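Asks: Chains as they are written, first to last, in the working numbering: chain Z, 5 to 384; chain W, 5 to 384.
Among the hints, a few may not be true.
No copy is singled out in the list; a pair is fine if it fits within one copy or between any two copies.
To be verified - Within a straight-line C-alpha distance of at most 25 Å, the following computed SDA-like cross-link-like pairs (lysine to any residue) qualify: (1) Lys116 x Val252; (2) Lys28 x Lys315; (3) Lys152 x Tyr321; (4) Lys91 x Ile234.
Treat the hints as calculated values from the structure; they're not laboratory data.
Here the structure is a predicted model, which is why all the values come from computation and not from measurement.
This is what each chain is made of:
Protein chains: 2
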Amino acid sequence: MKRNLLLTPGPTQVPPNLCAALGKPIIHHRTPQFQDNIKQVVEGLRQVYQTKNDIYILTSSGSGAMEASVVNLLSPKDTAIAVDGGKFGERWVELCQAYKANTIVHKVQWGKAPTADEIRKLLTAHPDTKAVFITLAETSTGVTPDVKAIGEVVKNSKAVLVVDAVSGLAVQEIKTDEWHCDVVVCASHKGLMLPPGLAFVSASPKAIELMNHSTTPKYYFDLKEYKKAIEKVDTPFTPAIGILIALVESLNMIKQDGLQNMFARYALLAQATRAGCRAIGLTLFPDESCATNVLTAVNVPAGIDGEKLTKTMRDTYGITFAGGQDKLKGKVIRMAHMGALDEYDILTGLACLEKVLHQMGHKFELGAALSAAQKVLNQK
Amino acid sequence: MKRNLLLTPGPTQVPPNLCAALGKPIIHHRTPQFQDNIKQVVEGLRQVYQTKNDIYILTSSGSGAMEASVVNLLSPKDTAIAVDGGKFGERWVELCQAYKANTIVHKVQWGKAPTADEIRKLLTAHPDTKAVFITLAETSTGVTPDVKAIGEVVKNSKAVLVVDAVSGLAVQEIKTDEWHCDVVVCASHKGLMLPPGLAFVSASPKAIELMNHSTTPKYYFDLKEYKKAIEKVDTPFTPAIGILIALVESLNMIKQDGLQNMFARYALLAQATRAGCRAIGLTLFPDESCATNVLTAVNVPAGIDGEKLTKTMRDTYGITFAGGQDKLKGKVIRMAHMGALDEYDILTGLACLEKVLHQMGHKFELGAALSAAQKVLNQK
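Let the sequences and hints guide you as you build the complete structure.
Replies: Here it is, written out as structure tokens:
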């Protein structure tokens with residue numbers, strides 16, 4: 005009878021109707037019946053991406069789609085700017101370096117966001133830059149940059165702007181076209197509420213132009229093949245059929261909910277969580293000014309073993325938070341606000357957090373986090 | 005009320021209990037609970053692979069795992085022998101060429117198998133060969149080579165033997181260790197009875213030695229990272245969690261059934277199908293001596309439109325066969341014997357094939373295929 009609640013920044017909770025969709029018999033992928041599904045997925049994703057650009061469907065985790073961006077946009081020795089302010093920014097750096105790009109690493113202190121001004125200066129110093137790689141929601145730190153402002157800067161350069169939106173899409177606003185995001189990468193297991201297995205890459209005409217000139221060797225992630233295939237409503241390789249069929253239903257749910265309503269809901273959940281955390285003496289890890297609504301990262305209070313805290317919540321009570329990664333291991337806990345979560349899930353998470361912190365000797369008034377969150381959730 | 009029966013060589017039919025497993029809520033992948041699943045998957049796959057070698061779990065289609073083999077075993081300019089006797093052999097060639105290997109293409113007539121003797125001669129002519137790439141069950145033609153004999157030849161060279169067993173594993177025998185198959189590639193959506201999304205690569209010590217010296221750039225498919233991860237019962241990137249959890253159940257089904265019993269069942273289904281086809285005047289496409297039990301490819305009779313035949317079976321009656329690929333388009337039909345299929349499914353397929361051939365004017369005695377198949381299925 006133990007609850008199984010994922011408040012982790014990916015994978016996220018799969019709602020019961022999507023579980024049921026995942027349990028449906030599959031159909032063959034080279035059929036008109038499956039093409040109907042592909043069509044609906046591309047249309048649905050275009051709405052969530054807010055784009056008219058191409059969208060390619062890859063069978064991989066989000067990292068596979070990140071790799072696809074790098075190997076298709078860059079050739080060896082091309083200059084790329086990779087913004088590294090956390091684990092996922094670091095992945096951009098590793099990918100660019102693995103594929104022999106001249107990688108300009110823009111290190112940002114964990115918990116802070118890169119600014120458009122910093123990117124402008126880097127582009128001025130490196131006018132031959134082919135691509136700028138950033139992260140919409142850096143889940144290791146809980147930070148989001150001003151993508152719109154960065155887009156304004158990059159669009160006036162030769163470079164394309166590549167956004168890792170794996171953890172942000174369908175959770176916080178990203179206006180792919182209006183903000184000049186040339187390539188936006190996403191995956192099935194975050195805001196789209198499904199298990200991992202599918203990933204997506206959008207590509208603007210500016211990005212496609214670069215793709216056509218890239219000399220980096222590639223095959224499974226060769227986006228030119230995905231482009232050719234999607235024009236025939238097909239995929240170059242056997243796709244994750246089951247997840248794709250369920251994605252049609254997930255995108256319908258998102259459409260019915262309304263993107264703006266969803267963004268507002270996640271923002272409210274984030275605000276409530278933070279009020280709850282503050283009420284029991286926990287402080288936000290990232291700068292408040294650049295905190296994403298995708299998740300809340302808070303500092304573990306002095307004297308509390310952060311790893312034991314999340315382990316007990318998960319193993320004893322079935323409520324899964326994420327701990328800190330790398331240098332933040334044991335120092336922060338992370339609670340996601342994405343996918344199929346509502347206010348009662350957030351209250352459940354806070355209740356369990358209170359319970360275990362109380363057991364571990366942290367001093368606060370039991371119920372304080374719940375009360376504070378409840379006030380935010382029910383304000384006008 | 006239309007039947008939905010997949011007799012295609014991938015994806016294959018997902019049995020109801022695995023559909024139910026796919027519909028279960030997922031758990032987070034960085035937890036001891038998920039590690040239990042990884043452990044069971046590796047143990048179960050080792051039994052099906054008949055190996056003690058490492059097995060790495062990738063989130064991709066089978067082609068992703070093929071790419072992983074190429075980019076990890078070879079460095080640019082390395083010599084590789086790629087056997088090309090159909091669409092999937094062609095994929096080995098394309099992959100080796102994409103990654104700048106000195107690719108010795110061994111063309112084999114469609115419908116015939118490469119021989120150990122041919123491989124021996126090629127290895128003698130190219131003693132610096134690093135890897136030999138073959139296909140266990142070439143589904144485009146219905147052919148299987150003598151992998152054991154090829155393994156005996158390759159083991160005495162510097163080269164590793166790489167087997168694409170995507171369509172063969174758990175359907176026909178492959179003794180990874182005993183036959184000296186250094187790398188064996190597989191995927192979730194064929195003999196393992198699940199939707200596509202997961203792929204697997206086994207690696208012998210000889211293969212790992214090569215992996216450690218490969219200079220081909222790679223990241224998402226860098227098997228050194230998968231090796232490090234699996235030693236900690238982990239994956240380097242977020243895996244297709246839902247499929248992996250269901251795979252535990254699939255592997256338990258296979259264990260209960262018994263590998264040898266399964267091979268015998270598929271062989272009997274193949275024999276029955278072929279008897280049925282012969283009884284209505286259809287001839288086998290590949291040479292009988294090298295026909296795989298994984299599927300039956302038969303020639304479309306003169307005067308019959310092969311594409312219309314499979315389209316009608318699928319769209320009007322819900323029974324999906326595969327047509328021919330490339331130069332065999334419209335000329336053969338292919339009926340798989342893998343995954344969760346029994347004798348009644350084969351009879352259903354033959355019944356529908358009779359129905360539509362009859363409607364299209366092919367002359368034969370209705371029921372002849374069924375009778376012939378039924379006799380084989382019920383022989384001592």
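Asks: Can you give me the call for Lys116 and Val252, within, between, both or neither, at a CA distance of at most 25 Å?
Replies: So Lys116 and Val252 fail the 25 Å test inside a copy (36 Å) and across (42 Å) alike.
Asks: Reference check for the pair Lys28 and Lys315, CA-CA at most 25 Å: within, between, both, or neither?
Replies: Result: close only across copies, 23 Å inter versus 34 Å intra.
Asks: Cα distance capped at 25 Å. Does Lys152 pair with Tyr321 within a copy, between copies, both, or neither?
Replies: neither (41 Å within a copy, 52 Å between copies)
Asks: Given a CA cutoff of 25 Å, do Lys91 and Ile234 count as a within-copy pair, a between-copy pair, both, or neither?
Replies: Only across copies: Lys91 and Ile234 sit 21 Å apart there, 32 Å inside one copy, limit 25 Å.
In terms of the numbered hints stated before, the structure departs from hints 1, 3, listed from lowest to highest.
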